[in-house]
Amino acid sequence: MAFSGNFLCTSFKVELMKGVHNFTAASDQFKVAMYTNSASFTAATTAYTSGNEISGTNYTAKGQFLTSVTPTSSSTTAFTDFADEVFSNVTISAVRGALIYNEAASGDPTVCVLDFGADKAASSGDFTIVFPTADASNAIIRIA
Amino acid sequence: MLTNSLSMSNDFAVTVETTDNRGFTPEEVAVRCVNRIIGISENAPPAIKDQAHAYRKQVEAIVANYMHQAIKSDRTTVYNAIKDSGNPKLAEYIRRM
Numbered sequence: 031m032a033f034s035g036n037f038l039c040t041s042f043k044v045e046l047m048k049g050v051h052n053f054t055a056a057s058d059q060f061k062v063a064m065y066t067n068s069a070s071f072t073a074a075t076t077a078y079t080s081g082n083e084i085s086g087t088n089y090t091a092k093g094q095f096l097t098s099v100t101p102t103s104s105s106t107t108a109f110t111d112f113a114d115e116v117f118s119n120v121t122i123s124a125v126r127g128a129l130i131y132n133e134a135a136s137g138d139p140t141v142c143v144l145d146f147g148a149d150k151a152a153s154s155g156d157f158t159i160v161f162p163t164a165d166a167s168n169a170i171i172r173i174a
Numbered sequence: 071m072l073t074n075s076l077s078m079s080n081d082f083a084v085t086v087e088t089t090d091n092r093g094f095t096p097e098e099v100a101v102r103c104v105n106r107i108i109g110i111s112e113n114a115p116p117a118i119k120d121q122a123h124a125y126r127k128q129v130e131a132i133v134a135n136y137m138h139q140a141i142k143s144d145r146t147t148v149y150n151a152i153k154d155s156g157n158p159k160l161a162e163y164i165r166r167m
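Those protein sequence lines, which keep their order, are chains G and Y. With my numbering, letter number 51 in the first sequence gets 81, and the count goes up by one each step, no holes. With my numbering, letter number 77 in the second sequence gets 147, and the count goes up by one each step, no holes.
Simulated from the structure, these hints should not be mistaken for laboratory data. Given the structure is predicted, the values throughout are model-derived calculations rather than measurements. Worth double-checking, as some hints may not be accurate.
Here are some chain Y residues pointing at chain G (derived, C-beta under 8 Å) [claimed, not checked]:
hint: 1; residue: S79
hint: 2; residue: T85
hint: 3; residue: F94
Pair ranges (Cβ atoms, derived) [said to hold, decoys possible]:
hint: 4; chain 1: Y; residue 1: N135; chain 2: G; residue 2: S103; range: 27 to 37 Å
hint: 5; chain 1: Y; residue 1: D120; chain 2: G; residue 2: Q94; range: 30 to 40 Å
hint: 6; chain 1: Y; residue 1: Y163; chain 2: G; residue 2: T107; range: 47 to 57 Å
Beta carbons: idealized from backbone N, C-alpha and C, even for Gly.
Turn these sequences into a full structure, and let the hints steer you where they fit.
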C-alpha cells in the first residue's frame with residue numbers, strides 16, 4: 031500500500047467523453063485532497079475517498095478547491111492546468127500525495143493521482159502544490 | 071485504413087514547497103511566478119539560454135518588488151481594520167512588522 035507514481039485516472043478519460051468534467055466553470059469544481067503513503071492509488075482509482083487522508087491544523091477533510099486554467103491548445107495538443115495551490119498556516123506531516131477530483135460531479139470522481147515522491151511536511155507554515163507550466167509539453171492534463 | 075489516436079500522458083511533474091513557522095517570502099513566490107511565465111528549453115542554444123536566464127532573473131526581481139509593495143499596502147488595510155475594531159495596540163504591532 032503506497033503511492034506508485036502520477037496517474038491520469040482511466041475513469042476520468044471515460045468521463046471526459048461523457049461530458050462529466052467542465053474545466054471552464056467559474057469556480058468550486060475541482061478539489062485536491064492529500065494523503066499519507068498508506069493510500070494506494072493508481073489509474074484505476076475512480077473517486078475521492080477519506081481513507082488515509084491526512085489530518086492536521088488548518089487542513090480540512092476533502093482538501094481545497096483548485097483554480098483551473100481554461101483549456102487551450104498549441105499545435106495539435108490540447109491542455110489545461112491548475113494554479114499553484116497553497117494550504118496556508120498548516121501543521122501537517124507525512125503528506126505523500128494527493129487526489130484531484132471533481133467536487134461538483136456526482137460521486138466525486140477523480141481526475142488524477144499526484145505522487146509527491148517523498149513524505150512532505152509543514153509546521154505552522156505554508157504547504158504549496160506547484161503545478162507544471164501550462165503548455166503542450168508540461169501541463170498536467172494534455173491530449174495529444 | 072484511417073486511424074486517429076488520442077493520447078494522455080502520466081508524465082506530468084508536480085512539486086511541493088513548504089515553510090516552517092513562516093510564510094513564503096516575496097522572493098520565493100516570485101521564482102514560482104516567473105517559472106510559470108517564462109519557460110526555458112534545455113535544448114536552446116547556450117547564448118540564448120543564458121540571455122533567457124538573465125531576463126528571468128530581472129523579471130523575478132520586478133515581481134518580488136511589486137509583491138513587497140502589495141504586502142505593505144495590504145498591511146495598511148489590515149492596520150486600519152484592526153484599529154477600527156478597537157485594537158490600536160495590535161494594529162500598531164502589525165504596522166511595524
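Here is what the structure says about each hint:
The beta carbon of S79(Y) comes within 6 Å of a beta carbon in chain G, closer than 8 Å, and the hint placing it at the interface holds. Taken as an interface hint, T85(Y) checks out: its beta carbon lies about 5 Å from the nearest beta carbon of chain G, inside 8 Å. Taken as an interface hint, F94(Y) checks out: its beta carbon lies about 6 Å from the nearest beta carbon of chain G, inside 8 Å. One distance hint, 27 to 37 Å for the beta-carbon pair N135(Y) and S103(G), holds here, with the actual separation near 34 Å.
Range check, D120(Y) to Q94(G): about 39 Å between beta-carbon atoms, so the 30 to 40 Å window is met. Judged by the Cβ atoms, the range 47 to 57 Å given for Y163(Y) and T107(G) holds: they are separated by roughly 52 Å.
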